[in-house]
Each structure stands twice: as C-alpha cells, then as structure tokens.
Amino acid sequence: MNKLTKALEECQAKQEKAFIPYIMAGDGGLERLKSQLLFLEKSGATAVELGIPFSDPVADGPVIQQAGLRSLGEGTTLKAVLKKVMEIKNEVNIPIIFMGYSNSILAYGLKEFTEDCLHAGISGCIIPDVPIEEEAMFSSIKTAGIVLIRLVTLTSSKDRITEITAGAEGFIYAVTVKGITGARNVFGGELGGYLKKVKELSPVPVLAGFGISTPEHVRDTIQSCDGVIVGSKIIECFETGKEEQIQELIRASKELVRK
Amino acid sequence: MSTYTLPDKTGHFGAYGGRFVPETLMAAITELEEVYDQSKKDPEFQEQLSYYLKQYIGRETPLYFAENLTKLAGGADIYLKREDLNHTGAHKINNTIGQALLTQKMGKKKVIAETGAGQHGVATATVCALLKLECIIFMGEEDIRRQKLNVFRMELLGAKVISVSQGSGTLKDAVNEALRYWVANVDDTHYIMGSVLGPHPFPVIVRDFQSVIGKETKRQYMEENHSLPDAVVACIGGGSNAMGMFYPFIEDETVKLYGVEAAGHGLDTHLHASSLTKGKPGVLHGAFMYVLQNEDGQIEEAHSISAGLDYPGVGPEHSYLKDTKRVEYTSVTDKEALEALMMLSREEGIIPALESSHAISYGLKLAKEMDKGTGLVICLSGRGDKDVETVKSIIGGSEHE
Chain A
73 MNKLTKALEE CQAKQEKAFI PYIMAGDGGL ERLKSQLLFL EKSGATAVEL GIPFSDPVAD
133 GPVIQQAGLR SLGEGTTLKA VLKKVMEIKN EVNIPIIFMG YSNSILAYGL KEFTEDCLHA
193 GISGCIIPDV PIEEEAMFSS IKTAGIVLIR LVTLTSSKDR ITEITAGAEG FIYAVTVKGI
253 TGARNVFGGE LGGYLKKVKE LSPVPVLAGF GISTPEHVRD TIQSCDGVIV GSKIIECFET
313 GKEEQIQELI RASKELVRK
Chain B
5 MSTYTLPDKT GHFGAYGGRF VPETLMAAIT ELEEVYDQSK KDPEFQEQLS YYLKQYIGRE
65 TPLYFAENLT KLAGGADIYL KREDLNHTGA HKINNTIGQA LLTQKMGKKK VIAETGAGQH
125 GVATATVCAL LKLECIIFMG EEDIRRQKLN VFRMELLGAK VISVSQGSGT LKDAVNEALR
185 YWVANVDDTH YIMGSVLGPH PFPVIVRDFQ SVIGKETKRQ YMEENHSLPD AVVACIGGGS
245 NAMGMFYPFI EDETVKLYGV EAAGHGLDTH LHASSLTKGK PGVLHGAFMY VLQNEDGQIE
305 EAHSISAGLD YPGVGPEHSY LKDTKRVEYT SVTDKEALEA LMMLSREEGI IPALESSHAI
365 SYGLKLAKEM DKGTGLVICL SGRGDKDVET VKSIIGGSEH E
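Residue numbers (the working numbering), protein chains in the order written: chain A, 73 to 331; chain B, 5 to 405.
Here chain A stands alone, though its shape is the one from the complex (with noise of 0.2 Å):
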C-alpha cells in the first residue's frame, strides 16, 4: 500500500488528525534537507510537502516565493533534489510528498520523473497548476502508484466538487482562502460549512491548507476535517531557527481526539 494513505489511514484508526507540514527542498542548501525530515518526523508530522522551487510561482504567496528564490540562488534543481531523497530514503521514514509547478515535471520528463520518484520512495505529487481537466498528461504518475492529490477550493462548485472528489486518491488537499499560500484573510463564517460540505463528499481524508500559520488556527479548522497543511508558517521557522513553534503547531493538532 502506499506509504502516504497507510500513514493516513493509521492517523484514522488511532483517532487523530493529520498534520503535514511543508518545507521548501533546497532552501538553505539541500544538505539540511535530511535533518529537516528527521526533525519533522520526531515532531510527529503526518507526512511532509517537499516543494520544489519553480522561476514563476503563481499559487504562492511571499514567503514561499522568496524561500523558492533563495533555493533556485542555492542552485537547486528538481535532478539534485531526487538525488538526494535517493540518498536518505533509508534514513527517513515520513511519507514525502512533492509539490510542484506542472513545468518542472514536463521539462525532467514524464517517464523519468515518476521512475526516479518510484525510486527515491515519493508516495504523492501535488501539482497546483493542474486542475483535472488537465490531468490526464500526468496520469502515468498515478498508474505507477504514487497518489496525485487533487485540490478543491472555497469557489469550487458542488457538482466540481463531487466530480473531484470522486476519483480522488491519498487525500482532498482543501484550499481554505480565496488567495494564495500564505494569505491571511482566512476563516470567514463559510469556511467550516464548506469543510463540511467536501467531507461529505469526499471517499478520502480531507486535509485543510493555505493560510494556517498559529495553533489557534490549527486547532479551529482541523475540528471540520482530518487534517491540516501548514507551509509558509514552517518556512519562517526554519528559517528564523524557531523550530519549536513547529512543535506547538503538531501539538495543536494532536489535541483534539475525535469523539
């Protein structure tokens, strides 16, 4: 079974919410990329996003867009990054799961791609620039058996978000702002009616993302899904040395025990 659904299914039985934080690969230099995962993984996150630094960037907001710049100015291509998953996969165990630009994909190859990832133990991609009418061009990632986790947003209609959801593997990555990663004008009073809604719908976990960055958020949005994504928020930490604000963040989410 995938690594990534295994580890969500085990957060189900155990009653707990997912909490997948996402970092940014090569930011700093890919050789902290191993002690980041380990950290993660102590911490008790669920998974981890590894973004991939892409020149044009449109879903990000600022802070994910300069961690991107400074990786790119580190040199970091998508090639070195697989290299090196290759290099750690005996040492890591969290599920890793990739986040990137359609273009970075097409331009390392299809084929090559999902082979390199099936070898560097990658258990999903989430592409934020392919919506499902574009999919299929990535199809032969999800024959391989690594998950494409799909994205429903706060405009996504209802009939969208059952066509969605139905084919969905790994789990509902539910956009929570109309914006970008990283925005703040998040949770209005529709936000948890709308959780609501896609989890009705969906077969798999629906995990909450963009624009959660304190416990307080983490701890209102996670009671009407099974998850959350927290990426700029980690960003900052790595970078400003503050990494037990991502404890509190995993903290936060392990509070509330499903009754």
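Hints in this document: simulated from the structure, not taken from any laboratory.
Within a straight-line C-alpha distance of at most 25 Å, the following computed BS3-like cross-link-like pairs (lysine-lysine) qualify: (1) B:K109 to A:K250; (2) B:K284 to A:K183; (3) B:K114 to A:K250; (4) B:K13 to A:K230; (5) B:K219 to B:K260; (6) A:K151 to B:K284; (7) B:K282 to A:K183; (8) A:K151 to B:K282; (9) B:K164 to A:K250; (10) A:K250 to B:K113.
Facing chain A, a subset of chain B residues (Cβ under 7 Å, in silico): (11) R23; (12) P26; (13) E27; (14) T28; (15) A31; (16) N180; (17) R184; (18) D300; (19) I303.
Virtual Cβ for every residue (Gly too), placed ideally from N, Cα, C.
Here the structure of chain A is known, so what remains is to put chain B in place on it, guided by the hints.
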C-alpha cells in the same frame, strides 16, 4: 488544411493550450467561457462592439499601399495594415474594448491587467475610463522605471499602477502577480489578458477580438486587387496582432504566413525573445506552449529592444501553427529592427513601433525575393512615438562614434 476549427472544446490546439491554473480560477474561467460563447451569438453585444470599434477606436484602419517601400524593395507590392492609427496607437485596444464589454456583461466592476512597456496597460486603462470600470495595472518595477511616461498616462486615465518587485520585476512577473491578485479577488474582478496567452478561453477570445485586423485586410485587399495577397507578415511577442492577422487567412493555403520574433542581440546569445525558434514546449501562465526555459524547467528572461516582444513564451495557437508548418516563424535582431524603423520613417513618413519594425524588416527582405506583381501585407501593429526616446538614446550615441 481544410476547415480549421481549433481550439477543441477543452481549449487545446493540438497538444498546446489548455487550462493550467490553480483550482481557484477554474470557476472564473469557466464563467468567462460561457459568457463569451453567449456574446458571440448575441446581436446586441456584437452591435455594441462594432459601435465602439468604429466610433471610439476609429476602425476600419487603412490598408495602405506603400509605394516608396515597394520601389525600394523592387519585388512584391507592399501593403501596410495601419493598426498604428487606432485610438491609443496600437492594435491592443481591439482586444481590451471587447474584454471590457465582457466584464460588464459578467456584472464585474473591476479589471486587472499586466503590462510590459505599458501599451496594453494604456489600452486597458482607456476602455476602463470609458466604461467606468475600476482598473488596476500590474507592471514590473524594472519596466516602471523604464517607461515612466506610460505609467503617468495610465494614471491620467484613472488606473492604479502596482509595481511588481517579485522575481525579476519584468513582464512575466507582472503576469504572475496579476494572476495571484485574480485568485484572491476572483468574485468581482476580470483579468484582461493582453495577448493570445494564458488559460483557455483567453487565447481564443483575444484571437477573435484581434481577428478584425485580418478580416478587414482580406476584404480591403480583395477590393483593390480582386485576389488574395501572396504573403502576410506580422511580428510576434505573445502573438496577438499576428494571430488576429493570420486567423482569417489560415484556410487560404495560397497565402503564405510569416511570424517574426525578436532575435535581440542574436539567436546565438542569451539575449533574445525567440521562444518558437529557441524555446521548447512547456507550461507558463496557464498554457502549454513554446517557452524559453533552462534544462530544469525554470523560465528564462527574454530580451528585445522592443518591450512588447520581450516575453519568454508564444501563445499556444502559434505553437500549434509552427508544428503544423502553416506559419513560418523567423526572427529579426534589435539592430535590424532599428534600421527598419528609421527606413520606414524616411521612406513613408511613418514612424513604426519597434515591435512592428521587426515585421517591417523581414517584410522588406521577403518582398525583395518575391516576383513583381505579387502582393505582401505587413501588419503595422503600432506607432513608434513611444519608442522615440529609446531610439534617440541609441542613435544619439552612435553619432559621436
């Protein structure tokens, strides 16, 4: 080629095009597609559009027989499609007026757009003033510095210009930031894409609004010569004036079509904007198309003396027409374009935009090789007033050498 019906229902031109956008935008581009399809069949909308094209923009524009240029070439008869005579001085407004009317139809009150040199920004700010729409223009901070006058022009027209410092601070970053803004404000905002780029349905909408260029050209040429031209030439940045010019001729196989990209300092340098010649297929700003990129898929900076061609990709339909060889794509350097600008100014008393000068340069070369009695149309997409300062700084320098 028989009947040409692209794009298909999913917005693809062969392998190219599509909708590579964050899920948040899917609702907006689906709505746009629906409203656009209705508008095409809506006589009231079409009448409104025709009214503004004629009374506000000043169409139709002349198809001018350039006698002096023809003599100079000594080959084909050269005609210039005078898009420079449109209100605001370029073809850009053919599209912005159409999309602004669509914005009204969707009940949206706010418009955003990207701009490089400022031409599309000015054309957008203009129609927003006319139709009382709030207007925000995204422009790279580098470009703002280089194009102070156009920034002021947009502000005079009531637009708000937002400086984009992200990334490299140029056109592609302005598009990124406009897309990000759109993702966050999609309920009340329409994005007026300035070229045949972006996710479906933008490439088809922009092509259709710009195809007034080719339709008029075909009719005007036919009225004068009782035949079709033998060749048509247009410059290509994102590709909107070229697509508007070519589209009505696509099924006329006897008409050779030439698209001219910017070769900047030369194709063997890194300073050019020839995405079709030197790029490879990839995804940028919502579409699969030819893109300038490195091995790792990072988008590279384009370079051209003309800011309007300075974009590292070419629209999906051009990408398709390249692969099918219906259009021949070629390129012209900064130096050649500059020479063409000076040549046309002196020969015909028309100062062309540096963008259009690429088409003029190649058109003149082509006309020389063509037989007497044949006909060639060059799309003169914009006027050169905006470039006078750039040109002065270059030839002003060389005079003292």
